[in-house]
Structure formats: structure tokens, C-alpha cells
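Fit chains B and C to the supplied structure of chain A, relying on the hints for placement.
Listed below, chain by chain, are the residues.
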Amino acid sequence: MRATCILLCFFTFLVASSAHPGKKKQYKPCKELVLYFHDIIYNGQNAANATSAIVAAPEGANLTILASQFHFGDIAVFDDPITLDNNLHSPPVGRAQGMYIYDTKNTFTAWLGFSFALNSTDHHGTINFMGADPIMIKTRDISVVGGTGDFFMHRGIATIATDAFEGEVYFRLRVDIKFYECW
Amino acid sequence: MRATCILLCFFTFLVASSAHPGKKKQYKPCKELVLYFHDIIYNGQNAANATSAIVAAPEGANLTILASQFHFGDIAVFDDPITLDNNLHSPPVGRAQGMYIYDTKNTFTAWLGFSFALNSTDHHGTINFMGADPIMIKTRDISVVGGTGDFFMHRGIATIATDAFEGEVYFRLRVDIKFYECW
Amino acid sequence: MRATCILLCFFTFLVASSAHPGKKKQYKPCKELVLYFHDIIYNGQNAANATSAIVAAPEGANLTILASQFHFGDIAVFDDPITLDNNLHSPPVGRAQGMYIYDTKNTFTAWLGFSFALNSTDHHGTINFMGADPIMIKTRDISVVGGTGDFFMHRGIATIATDAFEGEVYFRLRVDIKFYECW
Chain A
623 MRATCILLCF FTFLVASSAH PGKKKQYKPC KELVLYFHDI IYNGQNAANA
673 TSAIVAAPEG ANLTILASQF HFGDIAVFDD PITLDNNLHS PPVGRAQGMY
723 IYDTKNTFTA WLGFSFALNS TDHHGTINFM GADPIMIKTR DISVVGGTGD
773 FFMHRGIATI ATDAFEGEVY FRLRVDIKFY ECW
Chain B
623 MRATCILLCF FTFLVASSAH PGKKKQYKPC KELVLYFHDI IYNGQNAANA
673 TSAIVAAPEG ANLTILASQF HFGDIAVFDD PITLDNNLHS PPVGRAQGMY
723 IYDTKNTFTA WLGFSFALNS TDHHGTINFM GADPIMIKTR DISVVGGTGD
773 FFMHRGIATI ATDAFEGEVY FRLRVDIKFY ECW
Chain C
623 MRATCILLCF FTFLVASSAH PGKKKQYKPC KELVLYFHDI IYNGQNAANA
673 TSAIVAAPEG ANLTILASQF HFGDIAVFDD PITLDNNLHS PPVGRAQGMY
723 IYDTKNTFTA WLGFSFALNS TDHHGTINFM GADPIMIKTR DISVVGGTGD
773 FFMHRGIATI ATDAFEGEVY FRLRVDIKFY ECW
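Chains as they are written, first to last, in my numbering: chain A, 623 to 805; chain B, 623 to 805; chain C, 623 to 805.
Each hint should be verified, as a subset may be incorrect.
Which copy is meant is left open, because identical chains are indistinguishable; a pair holds if it fits in one copy or across any two.
Claimed, not checked - Here are the simulated lysine to aspartate or glutamate pairs, DMTMM-like style, with alpha carbons at most 20 Å apart:
hint, residue 1, residue 2
1, Lys-800, Asp-785
2, Lys-800, Glu-788
3, Lys-800, Asp-772
4, Lys-650, Glu-790
5, Lys-650, Asp-707
6, Lys-727, Asp-661
7, Lys-727, Asp-785
8, Lys-727, Glu-654
9, Lys-760, Asp-785
Hints were generated in silico from the structure; no laboratory data involved.
Chain A extracted, bound-state conformation (with noise of 0.2 Å):
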């Protein structure tokens, strides 16, 4: 009985050490997802199949072609289809929705703020980024700083990878969401 009872002592010590799981050090994600979203920016011609636009820009600058000095100062409102491969024309399981700025004068960075609405069979909710991103580096860190319905109060980070890009007017982003607070 005594034995027993050093176990079940035993036992709850370690529940209680992983009462928090994510707050070891070990990271090891309660949720993953990898999805690729596909930006087609409006430059003056493409208006039929343009899933963004710049809105804003600095003095000087236009709203059809981003801005010289690596764009800075560019704001751009996406709403982007979402797919589970890297192929635009994939049925698409939710819409990446919000906003990019161009943020640096001497390399192309970027500050998102933006959502996932997913809404397929496997994920119905939406998940929630801000971050920077060096355009630049192979893959960028970015917060997920929450989440709605299968998502209720999801923490994590998302690593984005410029996946594919044509000129200045298409951009294929692979997200790879890893969560580490499930709820």
C-alpha cells in the first residue's frame, strides 16, 4: 500500500511537472499544419484574377507597381486562397486575409498581420499571425497569437517559405503552423 501510494506520489509529480507541457524546453508542437496560400497582386491589369492590392504607399509612389527603394512603405490587402499542396488550382480549404507592409529601405522585409478562415472537412476556424518577415531568408518565424472554433485559444509559430514567385506579381507561401498551447 505504501508502494502504491509512492507511485501514485510518484505518478502526480509528474503530471504536475507536465502540468504546462509546451513550457519545457523540448518544444514539441501539440498540432501541426502545413498549408501553402498563393498571392496575385493587382498591377493595373490583372483586376479578374488579383487576390490583392496595394492600398497605401509613400509620397511619390503609385498604387499599380510597388514602390522603388524595395518597396518600403507598401501596404497590401490580401485575400488569398488557401491549399493543402503547392498548385494554385488545388481546391482551396480557406482564405488567407489581412495585410502586408513592406518595411525596409535596403532589403525586402515585411510586417504581416493576417488571418487563416479554414473551412473544410478536416478544419473549420480561423488562426490568427503577426510577425516580421525577412523576405530574404529561406524561412521566417512568425507568432500565431490565436485562434477560433477548432482553434479556440491556439498558440504557436508559423514558419513561412517563399515557395514560389513570378516577378512582382505572384507569390506562393508555405506555412508550416506549429502549435504548442492546443487548449
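Chains B and C only, in chain A's frame:
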């Protein structure tokens, strides 16, 4: 004595299980607030009582009327009074400040980034919100990503409903804020 | 042996109680950083050393001078050097990147969404901020909603003070970042 210890063990186990109470599936809020805010969009003629202004729009659009094509690309900055009930003329308990972005080409959706700055006898502090707002749906969930003052480090979910609107000038939003991390 | 177990039980209870230490009311930061950042607004004549630009403004305003009526509606994009002390010319330890929005008609307040991208011998990673900034108040609290790298999954509160300003071109902000969730 053994029984006591086993009881203690068991009790400890329960405590351990609930060390992070919000992480359970029942999702009972630790705090809840229902507030209203009132948005009057500047249309070129209502400077005196407008509380928000369109400050960015895609090429070809102007800033005194929401863009065509479901307002896609419009960014509005707002500073709206918050009230305890649905009356615009009730004494405000704070201000809702930030921006919304119309971000879909084929329906009305917005992306929200804003804060409540509350300053009343009941509440003093700020609440920070972010998320996708599919305006045409009756209730929409966004993330409460943080707070200060009375809402120090809080997280939760805000459910937004369009309580009333008049044309494209006045919108009243009901916000049901449920905190699940209260500190 | 029983005493040992009771002791264990008690110890386990203590561990359980503090499984999420930050959730207690004493609010002791698990990490703290004090940094400065320096914002030089583009005014049409300082392109070489400006670090921010007004990119959106309400109807009737322009982009080389802050709008009248307390700058209501101006959106500025910035890429500001971060330093360890209050000297603009100290070696930068990173960049503050994002945007601020002037969002009140009858006083100066801003809404902030930005990131610190730190890259020094001491710190490597990003910190993501969001919140209301009532500029005229001596110190203002905003939310630290996430981080990456050395600041993986961190949350906290940043207290901002306007350390210096010159007209409406140069602002220096002191940021005292207190993390309460450190992982």
C-alpha cells in the same frame, strides 16, 4: 494515515490536472464583458461627428466613399465610443481604437486590429483584439491577444455581432468578450 | 516512510500550485529588457536618413506632413534602429518594424502593430507587439503577444515612454519589456 496520504495523493492529482484550468475542454470563461461600439464613417460631409475615416484604398478608389467591389482594399482608422448598452448617446466607458480592412473581392469581410481603452469606474485598462471578421455572418469570433491594467496578460475570444447599421455610414457592433486566461 | 510520502505529497502539491508561476498575482517578470528605438519621419526632404514614412492619410491630407486634427487617420510605416541606450548613433542591436496609426480626433493617440527583430551577441529573435498608445501620457502599456527565437512563445507587457522628440520629425521611444511567460 495511509488513507489520508492516498487522499492527499488523489487531491494533489486533481490539483495537478487543473493547474491550468482553462486548458480543459469545458471552456468556462474566467471573466466576461459585453460592450457596444459605434462607428460613424467620414463621408466628406460629417467631419464633426464622424469617428472613423477611410485612409487607404486601391487604385481608382477615393477616400470619402467605400470602394466598389465589396470595398476590397479599403483601410479605415477608427476612434469609436464604447457604451454599456446599444445607445450611441449613452455615456462612453472608453474608446475602441485601431483599424479595419475590407479584404474580400466577392463578399463583405474585414480584418480587424484594434484595442479597447476602457476608463470607467468599473474597468481601467486596455484589451487588444485581432482577427478575421466575415461581416455577413451573424456572429463572428476574433482573438483577444492581450491586455493591460485590469486586463493584464488576459487572453480570450470576442464574439462580434452587427447590432445595427444605417447605410454605409453608421455601424453599431456588440462585442461579447470572454476571457479564458485571466491572471 | 509515511512521513516521506506525506512530504512528497506536500511537495507535489507545491509544484502543482506553481506549475504556471506567472498566473499568480505577484507578477514577477521571468525576463526583462530595456531598449530604445528611434523614429525619423520622412518629410519630403530627409529621404536619406528618414526611417519612417506616412503612407496613408484621410481625404485632403498629404503624405509629407502629419495630418491636421491631431494627425487622425495617418498611417506610418517604420523601420527604426534599436539601441541599448538613448543615443541614436549607438550601434543598433536590431530593427523595430511595423506601423503606427494616429487614431484620435481630439488628442494624440496611436495604435501600434510592430515587431522587434533583434540580432546581437545577446539576443537573436523577434518580439511582436500590439496595443493602444495614448502618446500624451508619460508611460503606456501595450501587449507583447508573441515571440520567436530567443523569445519563443513569450508573452508580456511593454511599457513605452517618449524619451525625446524634435518637432514632428524625430521621436525616441524607451521600451521596458517585461515577459511573464518565458517558456
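Results of checking the hints against the structure:
no.	hint	verdict
1	Lys-800 with Asp-785	within (18 Å within a copy, 36 Å between copies)
2	Lys-800 with Glu-788	neither (28 Å within a copy, 42 Å between copies)
3	Lys-800 with Asp-772	both (14 Å within a copy, 17 Å between copies)
4	Lys-650 with Glu-790	neither (36 Å within a copy, 47 Å between copies)
5	Lys-650 with Asp-707	neither (24 Å within a copy, 37 Å between copies)
6	Lys-727 with Asp-661	between (22 Å within a copy, 14 Å between copies)
7	Lys-727 with Asp-785	neither (24 Å within a copy, 25 Å between copies)
8	Lys-727 with Glu-654	neither (35 Å within a copy, 30 Å between copies)
9	Lys-760 with Asp-785	within (9 Å within a copy, 36 Å between copies)
In the structure shown, a violation is registered for the earlier hints numbered 2, 4, 5, 7 and 8, in ascending order.
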